[in-house]
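Chains as they are written, first to last, in my numbering: chain R, 2 to 310; chain P, 2 to 310; chain Y, 2 to 310; chain G, 2 to 310.
These are calculated hints, taken from the structure and not from any lab test. The model shown is predicted, which means the values in this text are computed figures rather than measured ones. Check each hint, because a few of them may be wrong.
Because identical chains cannot be distinguished in the list, a pair is counted as satisfied if it fits within a single copy or across any two copies.
Below are the DMTMM-like pairs computed for lysine to aspartate or glutamate, each with C-alpha atoms no more than 25 Å apart in a straight line [to be verified]: (1) Lys84 <-> Glu105; (2) Lys153 <-> Asp139; (3) Lys156 <-> Glu65; (4) Lys135 <-> Glu293; (5) Lys135 <-> Asp123; (6) Lys69 <-> Asp139; (7) Lys156 <-> Asp123.
If you want the building blocks of each chain, they are given just below.
There are 4 protein chains.
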Amino acid sequence: MKMLLFFFLSIFLMGAVMMACGGKSGNQQSKAPEESHSATHGETPQEVIRVTIFNEYIHERENEFVRKIYPQGIHGAIASYMKNEPGFIVRTATLDEPEHGLTEEVLNSTDVLMWWGHAAHDKVKDEIVDRIQKRVLDGMGLVVMHSGHYSKIFKRLMGTSCGLCWREAAERERLWVVNPYHPITQGIGPYIEIPNDEMYGERFDIPEPEELLFISWFEGGEVFRSGATWHRGKGKIFYFSPGHETYPIFHNMEVLKVLANGVRWAKFHGNDQTTGIGGCYQVKEPLEKLSEKDYKTGVLEHPEEFMQK
Amino acid sequence: MKMLLFFFLSIFLMGAVMMACGGKSGNQQSKAPEESHSATHGETPQEVIRVTIFNEYIHERENEFVRKIYPQGIHGAIASYMKNEPGFIVRTATLDEPEHGLTEEVLNSTDVLMWWGHAAHDKVKDEIVDRIQKRVLDGMGLVVMHSGHYSKIFKRLMGTSCGLCWREAAERERLWVVNPYHPITQGIGPYIEIPNDEMYGERFDIPEPEELLFISWFEGGEVFRSGATWHRGKGKIFYFSPGHETYPIFHNMEVLKVLANGVRWAKFHGNDQTTGIGGCYQVKEPLEKLSEKDYKTGVLEHPEEFMQK
Amino acid sequence: MKMLLFFFLSIFLMGAVMMACGGKSGNQQSKAPEESHSATHGETPQEVIRVTIFNEYIHERENEFVRKIYPQGIHGAIASYMKNEPGFIVRTATLDEPEHGLTEEVLNSTDVLMWWGHAAHDKVKDEIVDRIQKRVLDGMGLVVMHSGHYSKIFKRLMGTSCGLCWREAAERERLWVVNPYHPITQGIGPYIEIPNDEMYGERFDIPEPEELLFISWFEGGEVFRSGATWHRGKGKIFYFSPGHETYPIFHNMEVLKVLANGVRWAKFHGNDQTTGIGGCYQVKEPLEKLSEKDYKTGVLEHPEEFMQK
Amino acid sequence: MKMLLFFFLSIFLMGAVMMACGGKSGNQQSKAPEESHSATHGETPQEVIRVTIFNEYIHERENEFVRKIYPQGIHGAIASYMKNEPGFIVRTATLDEPEHGLTEEVLNSTDVLMWWGHAAHDKVKDEIVDRIQKRVLDGMGLVVMHSGHYSKIFKRLMGTSCGLCWREAAERERLWVVNPYHPITQGIGPYIEIPNDEMYGERFDIPEPEELLFISWFEGGEVFRSGATWHRGKGKIFYFSPGHETYPIFHNMEVLKVLANGVRWAKFHGNDQTTGIGGCYQVKEPLEKLSEKDYKTGVLEHPEEFMQK
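Throw the hints in and build the complete structure from the sequences for me.
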């Protein structure tokens with residue numbers, strides 16, 4: 002009982018501190034990114050990364066217990082950490098906002114979108130999903146968290162069911178780093194231990210990850226590919242599984258560090274001039290002179306050579 | 002002029018032979034697979050593979066030149082080859098048939114679906130695309146040909162735009178085998194040469210192939226990843242680029258051989274008992290005994306350890 | 002005590018059965034493959050796969066406990082299972098034989114080589130390792146078991162240290178199938194449970210697997226990528242981790258089934274005509290006519306265009 | 002209550018430690034190889050990357066024509082470009098130097114090693130190759146150029162023959178970017194055109210690249226996977242094919258830009274605390290309490306369950 006008291010006290014204090022830090026997230030309208038940018042972080046100019054954190058923001062409003070853990074919403078908890086990352090300009094967006102807070106303008110000024118959803122995946126409008134997908138293919142990074150595995154946008158980009166096995170039993174999870182050279186695992190030890198998490202287990206129906214970063218061990222006997230990356234078009238995608246709404250996982254400093262690493266990794270630094278992204282481009286003039294053809298409409302060079310007998 | 006005459010003569014003879022062989026494809030209703038199965042191929046029992054060849058079947062009916070090359074339709078040309086492959090049971094399906102010839106019944110009795118489309122990708126109904134995707138995730142193989150790269154089903158499974166660069170100039174194409182250990186490249190030399198093909202060039206907006214099998218060289222100066230594989234759910238996907246409707250590429254014996262190899266490869270031979278395909282499965286009972294928890298709704302084991310300050 | 006008795010009784014009976022089955026493996030000279038081929042398996046002609054099982058064969062001779070589990074040696078236990086697989090022609094080879102039983106003749110008539118070693122990796126001669134590597138690049142399959150991860154041949158083919166973390170504490174291991182479409186996981190349930198195994202844990206220093214098939218959960222809190230595939234040249238490689246000498250894991254029917262699947266998968270069925278395997282081949286004549294060059298030794302076409310300023 | 006006190010105390014101490022070890026990084030001058038470091042590039046502090054360029058340096062000394070193109074040697078041409086890259090500290094090493102200029106000290110202070118060799122691959126001592134491999138597995142990046150594909154170190158890390166097809170005919174080469182999101186292709190157009198290069202053609206006997214960045218088109222009809230990446234241990238490897246000694250390719254600004262991108266990419270930014278790199282580590286104490294075992298030497302828990310019948 003004392004423990005319970007202590008826990009809520011901590012949460013309360015944490016919330017207070019977060020508010021003091023300016024974490025006025027929640028249902029607010031997305032602001033111009035500059036407003037929430039902490040320019041005070043060091044004199045050395047940092048690469049600017051414009052991060053938008055989407056959260057459906059339902060459990061925190063409807064469930065008292067969840068609200069106590071995330072008084073500012075899951076997006077608020079994440080934002081309060083990200084705002085302190087050098088160069089990060091952070092906005093939030095939630096389901097109830099017009100266009101879910103993900104207008105053309107917001108997405109066009111977003112380098113990396115973070116996504117948390119669970120209870121209302123089907124409430125996300127298809128035209129917004131189309132818009133997000135288009136932006137990802139055009140180079141916007143995407144960091145998908147926990148139950149976001151079953152979001153429309155993640156399924157759309159993966160092409161698979163993104164199903165998995167699960168159990169909610171406050172189990173101990175240990176996320177092992179299996180990829181030591183990846184920037185996303187930088188600054189973490191051989192594993193991250195989370196005292197209580199929802200179990201997510203295999204078989205996780207995703208395309209084979211391009212890079213598998215973390216494998217989770219669960220107390221109840223399962224394993225899970227808990228951190229993985231893919232590319233779609235020019236966009237980089239990072240999925241990271243810890244983070245159920247009934248556990249304070251988005252206050253865990255190691256989890257947040259991995260997510261910040263993920264944001265930095267997901268920002269586009271590639272080739273702006275490639276073609277073939279989003280359309281079929283006719284190239285009328287060949288780069289090399291073609292051989293003489295007697296092949297006009299109806300004329301083949303030597304069809305007899307390769308006909309079926 | 003002589004050449005032209007010879008060409009049409011060849012086409013005609015070919016058509017005649019195909020009819021004689023029983024190639025009554027075209028707009029016909031999908032038949033029970035058994036009917037078209039050539040059981041005469043050898044005494045040794047073969048693995049049965051039920052192949053359904055989808056073709057939108059538009060150019061061949063509307064364009065005289067195309068019709069001369071493919072008097073039975075592109076699906077008919079492919080079917081006439083596939084029917085002679087040991088163990089293959091071949092059906093065709095076209096856009097105008099009810100449900101595009103791809104009813105639940107047909108798909109449920111299809112091991113591998115081949116796909117050709119070009120002019121009418123948007124005419125393929127979304128609910129049929131949903132159905133195909135579901136079957137692929139459940140283990141049906143998919144072989145996508147040429148302009149099928151831009152079909153709804155391929156884009157759905159890839160998650161990308163599947164755009165590319167193209168030019169129609171009857172160019173020489175040379176498909177180099179870059180994967181020597183793959184069953185799909187079996188029986189082919191170091192490369193396949195096609196005298197006249199539409200140019201398909203990079204950047205081809207696909208997820209990085211799991212296995213890159215062929216790279217094409219084009220006379221006009223481009224290259225293309227022309228043969229590649231992916232997996233989605235339990236399904237295996239092979240894309241192979243040669244095959245424009247105005248060239249007799251689906252009469253080319255090497256191209257057809259690769260496609261037949263692709264069908265054999267795409268048939269599912271994996272694990273039937275994995276879970277996590279198509280849904281989220283709750284696993285109520287852990288496989289291992291969990292440690293004692295004081296974590297019920299509202300109680301955390303030791304939250305102070307991992308809270309943000 | 003009763004259990005112990007029962008165990009040794011089982012081992013004894015097993016040995017007897019194996020002898021009855023003709024499992025005269027061990028130190029014997031490698032015989033012509035035909036001798037040990039069970040031709041009786043069904044009337045349907047099977048694809049023939051010539052398997053050679055290498056075992057250093059040290060623990061079983063020096064340690065009484067190990068010998069009781071593997072009276073015919075680990076290679077003998079595996080051979081007794083493989084000999085019953087349709088089409089398999091099985092030989093064994095051990096360290097003490099001349100050339101470790103892996104003469105040019107043996108390797109040239111081997112489709113798939115299985116490898117178990119532990120105590121004497123450094124006793125395997127470099128020239129034999131060279132020979133095996135050459136054969137793998139030329140298409141011989143390789144199935145590496147358990148402590149074989151640290152063998153010269155596996156390290157040679159991987160290019161990495163192949164190090165890992167380990168603990169010998171008879172732990173429960175659960176190998177989860179994460180790749181449902183792969184022939185190697187065929188016929189297995191969602192996981193294999195092994196009551197007692199040596200723990201092998203991450204980080205396993207291997208190149209990112211091309212296909213990750215199994216992930217292991219260990220009672221003591223670790224995870225491991227326990228089944229994975231790679232290709233080198235024309236050769237296919239499968240690593241499977243269960244199998245310590247002090248546990249009867251090579252009598253476990255599920256483990257043996259996976260190994261047999263691995264052998265079938267590792268047999269080469271690819272392209273015999275690709276070049277660029279094992280050498281640098283000069284291609285004197287271009288396939289296409291080159292443009293006129295004024296580039297002879299000492300003459301550049303237009304060097305000024307791309308010089309550094 | 003005590004717990005609470007302890008909690009706040011921890012927070013306080015943590016903060017103090019953070020401040021103490023906090024912001025002193027960044028602006029300090031790097032020492033050691035600074036000699037060739039151009040400190041003039043901009044006021045913004047750059048990440049320091051210590052690059053060592055190895056060249057066998059034979060053709061340039063023995064062949065007058067080559068010497069005219071590369072009067073400072075190929076390494077000199079590359080170094081003169083790299084020295085102007087912000088943050089790069091550049092050294093060179095050649096075959097004739099003691100230990101080929103690649104002493105323990107040099108390698109230990111090298112972040113990324115570049116490699117060019119052709120005529121004298123076999124003159125590179127095996128112990129130096131061992132040393133380089135060890136450093137790569139420990140996190141040193143490696144950029145292999147052109148004929149370096151056949152070097153001992155590249156073959157060692159790949160595990161394959163690294164053979165290919167080639168022709169020296171001053172052909173036009175066009176390197177197409179197939180990976181638009183990779184930092185190595187940043188700042189380049191859809192392709193790089195090289196007026197005269199040695200043809201390198203498939204099949205290139207390398208393990209399937211983790212990331213395929215460039216595909217080359219050659220005038221004479223071949224294609225080649227000309228830019229690709231792999232990881233080995235903690236080390237990152239980039240192979241880039243243009244660059245024959247008889248062409249001024251290492252004066253081509255686009256080629257040099259790609260190489261500089263490659264160096265930046267290859268520098269390690271990953272996880273320093275993973276184990277299993279370079280050795281087999283015994284983990285005596287399990288992280289979780291093990292179940293009671295009656296399995297001591299000679300005792301199995303329940304062997305009867307999984308014995309072969």
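Going down the list of hints, with the structure as the test:
1. Lys84 <-> Glu105: within (23 Å within a copy, 43 Å between copies)
2. Lys153 <-> Asp139: This pair counts as both: shortest intra-copy Cα distance 18 Å, inter-copy 19 Å.
3. Lys156 <-> Glu65: Result: close neither inside a copy nor across copies, 30 Å intra and 42 Å inter.
4. Lys135 <-> Glu293: Cα proximity of Lys135 and Glu293: none, with 41 Å in one copy and 45 Å across.
5. Lys135 <-> Asp123: both (19 Å within a copy, 18 Å between copies)
6. Lys69 <-> Asp139: Close neither inside one copy (38 Å) nor across copies (41 Å); limit 25 Å.
7. Lys156 <-> Asp123: Classified as both; 12 Å inside a copy, 21 Å across copies.
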